[in-house]
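Trainee: Each chain, letter by letter, is given below.
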Amino acid sequence: MSGMKPDPHRIVISTLIVLTIAGLAALPAQAADWRASGFGALESRFFLHDNAPPASHRANQSLVVQPEFFTEWNDRRDSFTFVPFLRVDEHDGERTHFDIRELTWLHAARDWELRAGIRKVFWGVTESRHLVDVINQTDLVENIDGEDKLGQPMLNLALIRDWGTVDFFVLPGFRERTFPGRDGRLRSVPRVEGGRARYESGAGRNQVDLAARWSHYIGNWDIGVSHFHGTSREPRFELDLSDPRDIVLVPVYEKIDQSGLDIQYTRGSWLWKLEAIRRSGQGEDFSAAVGGFEYTYYGVFDTAVDLGVLAEYQYDGRGSALATPFDDDLFTGFRLNLNDAQSTAMLLGCISDLESTARFCSVEASRRLGSSWVLSLEARIFSEPPENDPLFSLRRDDYLQLELAFHF
Amino acid sequence: MRKLLLTLPLLSLLPLDAPAETPTEKGLVIAVEADARDQGWGDSRADMNMILRNQQGETSERELRVRTLEVDGDGDKSLIIFDHPADVAGTAFLSYTHAVEPDDQWLYLPALKRVKRIASANKSGPFMGSEFAFEDLSSQEVEKYAYEWLRDEDLDGEACFVVERIPQYEHSGYTRQVAWIDKAHYRPRKVEFYDRKGAHLKTLTFHEYHEYLDQYWRAHRMEMVNHQNGKSTTLTWGGYAFRNGFTERDFDRNTLKRVR
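Going line by line, the protein sequences match chains U and W.
Quick note: the first sequence, position 283, residue 283 per our numbering, numbers continuous.
Quick note: the second sequence, position 159, residue 159 per our numbering, numbers continuous.
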């Protein structure tokens, strides 16, 4: 009889599908002027140290493609976007994955905008950690920096007023975080077995989540205030000892309420940034914050080069040391922009734990070759994390990565 | 009678037609007139193509679209959408320019779906790796400079005022500019830029002027030559359309996020 129960998840998903189709139906045939763009890339990672088998490889090759199809009609008031994504990885079966990053119909009116479908939304201002950004699940196998996200089904209404924009979100269809598989590097020990994920909500992945955000700018201030009610994108982990020969961590997705605040003050060469959250639902309520500045020297030494200096302090009030590596840490970094025809840029930064010797450093650099190719370099170094630090598992995973991307 | 005889010689000392302006006043009058002649166009859209050339003659190309909204009593609002090269396609730049106060600027990064407020101090930085600085492409308000008329001079057979402009806003990369403004339509024909050390840095020339709405002149080609690094940029404009019915809403952060 369970099939007879009204299922809110199904209702919302159906509504989404109906709305997306309605949007497409409104697409006049003559307006079907599709624009295709996107990129494909070959990525090579070189790990600096050996690791225990089975994830013992030192080199890893990987291919990624992400085309984008776009059309607009009704004097640009309606548009449709489709962005599929595919990665094929040499060693890690979990990293070989497909996703729909975007499949959205958008209607923009004078004082409101409606979006239906699968999308990505970004909230926040800081560079070293994205605390208030809770709408999309992290596609962790893509990159440990957490900036890659899985497409999230949603219905999003934005009301545009003189006093700011209010966004309402209905989020059906929970996306589970991706984790490296048995054969993948950059994984925790024990590894995370995503297939055994547990949910606090009886509806499991079919829980419908809600969120709202007000954002505005007043003079030099850009402000966002948000609230999220639903299943946490960030899981807790529990040890699963059911098979003593294969002890794994199991993600536990709990229902949370999270209020967020993000502020940026921009003046002259200074950007001052703050993100803060208060979360309940994962054990004791806790707060977390990240705040700091970015100062840019424009045209250093009478050249066209811009040099930015960044510093952010990270605080996390969670009791468990294993919950996050960023509980009392300082991020410092440099951003270099050559402002040349090849758009050469580099970001170098380290996050240092103020309570231990743990330090995580990274370099990201990129340069355009010709008009369609971009060569990117990435390096990540994990130095001396103590055993109780979540980064301890990654201590042998220092790597250098080269990526050559073709954009079209 | 006696009284009248006394006043007559005094009257003759007062100029009746051309007022004896100081060079500063004359420079300002020219700038005010040029500004007045370019008011009332409402809004515009145009396609911009840039060709960047280095010392070796190698080129690279940029394509972008520019939408502008005229704002009464303040600088214009503009939205720039990048189309080429492909790796920056979809990036958009929103700018609320102000006469002397710093501009408000936001950048939309499509890969991250992130809107970033960016620092207003980057006026002197190169725009997209070109020889144009952000301040060269910003809306030209009268209050941005202190003026001084230097001389009248023909440029390519066209009678021009030569006016020195000294930036009054913060973070300019220039100590001064020298502009050739034609007397016929008060259009800029050439601008020389002098760097922070006072050395001649760049020269900008305007070509292929077209008249829109029977009164607004737009150069369809601009050539910027950097004398210090030997690089140059050709900026070509096309597809100009005025009075498209744009509103403030077409220049807000919500539009920035979805504009393509």
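These aren't lab readings, by the way, just hints derived from the structure by calculation.
Every value quoted in this text rests on a predicted model; they were computed, and no experiment measured them.
Think of the CB as a built atom: it goes at the ideal place given N, C-alpha and C, for glycine as much as any other residue.
There may be inaccurate statements among the hints.
To be verified - Lysine to any residue pairs mimicking SDA-like chemistry, simulated, CA-CA at most 25 Å apart:
hint, chain 1, residue 1, chain 2, residue 2
1, W, Lys-116, U, Trp-34
2, W, Lys-116, W, Ala-199
3, W, Lys-116, U, His-107
4, W, Lys-113, U, Trp-34
5, W, Lys-113, U, Asn-220
6, W, Lys-113, U, Arg-196
7, W, Lys-116, U, Arg-367
Claimed, not checked - Per label pair, the in silico range of CB-to-CB distance:
hint, chain 1, residue 1, chain 2, residue 2, range
8, U, Arg-196, W, Leu-109, 57 to 65 Å
9, W, Ile-51, U, Arg-58, 20 to 28 Å
10, U, Met-346, W, Asp-72, 38 to 46 Å
11, W, Leu-109, U, Ile-100, 16 to 24 Å
12, U, Pro-53, W, Pro-110, 16 to 24 Å
Trainee: Each of the hints needs a verdict: does it hold here or not?
Mentor: Verification of the supplied hints:
1. Proximity of Lys-116(W) to Trp-34(U) is assessed by CA-CA distance (about 28 Å); at most 25 Å being required, the pair is judged violated.
2. Taken as a hint, the Lys-116(W) and Ala-199(W) pair is broken in the structure, with Cα atoms around 35 Å apart against an allowance of 25 Å.
3. As the CA atoms of Lys-116(W) and His-107(U) are separated by approximately 23 Å, the hinted pair is consistent with the 25 Å bound.
4. With a C-alpha separation of about 21 Å, the suggested pair Lys-113(W) and Trp-34(U) falls inside the 25 Å cut-off, and the hint holds.
5. Distance restraint check for Lys-113(W) and Asn-220(U): the Cα-Cα separation of roughly 22 Å lies within the 25 Å cut-off, and the hinted pair is therefore satisfied.
6. Distance restraint check for Lys-113(W) and Arg-196(U): the Cα-Cα separation of roughly 31 Å exceeds the 25 Å cut-off, and the hinted pair is therefore not satisfied.
7. Distance check on the hinted pair: Lys-116(W) and Arg-367(U) sit about 21 Å apart at the alpha-carbon level, within 25 Å; holds.
8. The supplied range of 57 to 65 Å is broken by Arg-196(U) and Leu-109(W), whose beta-carbon atoms lie about 36 Å from each other.
9. At roughly 45 Å, the beta carbons of Ile-51(W) and Arg-58(U) sit outside the given window of 20 to 28 Å.
10. The hinted window of 38 to 46 Å between Met-346(U) and Asp-72(W) holds, with their beta carbons roughly 43 Å apart.
11. Evaluation of the 16 to 24 Å hint for Leu-109(W) and Ile-100(U) yields a pass: the beta carbon distance comes to about 21 Å.
12. Taking the beta carbon of each, Pro-53(U) and Pro-110(W) are about 40 Å apart, not inside 16 to 24 Å as hinted.
Figure legend: structure checked against the earlier numbered hints; hints not met, in rising order: 1, 2, 6, 8, 9, 12.
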